[in-house]
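A.B. asks: Spelled out, the chains give:
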Amino acid sequence: MRLPLPAVAAGALLLIAGAAGLVRGAVPQAIASGGSSAAAPIVVTNAYVRPPVPPSQTAAAYFTVYNTTAQDDTLTSVTTGAGAVAVLHTIVNGTMVAAANGVVIPAHGTLVLSTGNGHVMIEQLFGRLLPGQNVNLELTFANAGPITVTAPVIALGAPVPSTGATK
Amino acid sequence: MIRRTRLAVLLVAVAVVLAACSGSSSGSKPSQLNDNSGSGPYHGVGLDPAQPRPSFTLTDTAGKSFSFGQQTAGHPTLLYFGYTNCPDVCPTTMFDVGAALHSLAKSLQDQTYVVFVTTDVKRDTGAVIHRWLSNFDGGTSAHFVGLRGTQAQINAAQTAAHITVAADDGQTHSADVLLFGSDDYARVVYPQSTNEQQQIAHDLPLVAKS
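Chains A and B, in that order, are what the protein sequence lines are.
Note that our numbering gives residue 7 to position 16 of the first sequence, counting from 1, and the numbers run on in steps of one.
Note that our numbering gives residue 391 to position 65 of the second sequence, counting from 1, and the numbers run on in steps of one.
Fair warning: there could be bad hints in the mix.
As the list claims (entries may be wrong) - Computed footprint of chain B on chain A; a stretch qualifies when at least three of its residues, placed anywhere within it, have a C-beta under 8 Å from a C-beta of chain B: (1) 49 to 59; (2) 105 to 111.
Claimed, not checked - Here are some chain A residues the structure puts well away from chain B; computed CB gaps all over 12 Å: (3) P46; (4) G85; (5) F117; (6) L121; (7) S153.
Claimed, not checked - Which chain B residues face chain A? A few, computed with CB under 8 Å, are given here: (8) G366; (9) H369; (10) T410; (11) V415; (12) A425; (13) A501.
Simulated from the structure, these hints should not be mistaken for laboratory data.
Just so we're clear, the structure is a prediction, and the values are computed from it rather than from any experiment.
Glycine is no exception: its CB is placed at the ideal position from the N, C-alpha and C atoms.
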């Protein structure tokens, strides 16, 4: 039972190409740019954008931020490729307010933005936002600097990335 | 042999990445915010004592006077205060209400009112509210009513419904949806949650005339 050498070589090539493809596919864009190693100080996951509900022209972005460092960090601003204005809203004392001075993410803590629990309000949209499109979000942190993530536009009522976080 | 070793390393790397993915998303377990197991027979939050259907008169999206107490009397009624330029809680809540109704028997939809009262007195005109509600009432035969009024009227309506009066041009407002039954009492309320649709779909038949 001896396979011809060319067949073995082709099989090995296929295996390697397949494995390489798997690796590329398995690393999400957001994590790749945000850093997936344990050394990344800030990890942003589960980003998505809800399109406006007409006639409203206001969209909302959501994401989860993990601060993996032993120091507090502050999310100071968010800019998006979807609109000219982006304002971070979080819940303070049970009320949704604009976070004028940013939001502190405690050492080893998380910030979870979800419906009713804070969002980035996006106004003065550059164009229509349609489900299936992607929006770039740039989050700027006082210590970690800017981090860019890609957020899919997800229709109202359609499933969103699960945060899995219990606060 | 070198190639095979590399391949093994690659496969291990894949396994680690996949494990990390499954670890970060633990399924559809509701968060603490939404982890409401309901009260009594209801999946929403029980109201004790029950609240009587309030009386207030506002203006509908066609510009006509609408007397909430009289015109919805005897009907299962979902009452919600919000504003249309809200990017977050308001459209999610109204979507859940529409989807819940869509899942119920048509006879039940026919007798149900959904009343949205705007807290944004300045920007929400009748036409704006009408267009906004049309995103949510598709496919259901329930009566969707959009109401507006002066600031004093809106404040009075919220007070009559025992809802926290909205502030900041109506943008800071209660997320509660009240469900009044055919007996004209609300015994259950729905704070914003990720399973609001299921809660309303479960409870509405319980408060309707059988």
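A.B. asks: A separate judgement is required for each hint: does it hold in the structure or not?
C.D. replies: Status of the hints after comparison with the structure:
no. : hint       : result
1   : 49 to 59   : holds (count 3)
2   : 105 to 111 : holds (count 5)
3   : P46        : 5 Å, violated
4   : G85        : 10 Å, violated
5   : F117       : 16 Å, holds
6   : L121       : 15 Å, holds
7   : S153       : 5 Å, violated
8   : G366       : 24 Å, violated
9   : H369       : 18 Å, violated
10  : T410       : 5 Å, holds
11  : V415       : 5 Å, holds
12  : A425       : 6 Å, holds
13  : A501       : 6 Å, holds
In summary, the numbered hints that this structure violates are 3, 4, 7, 8, 9.
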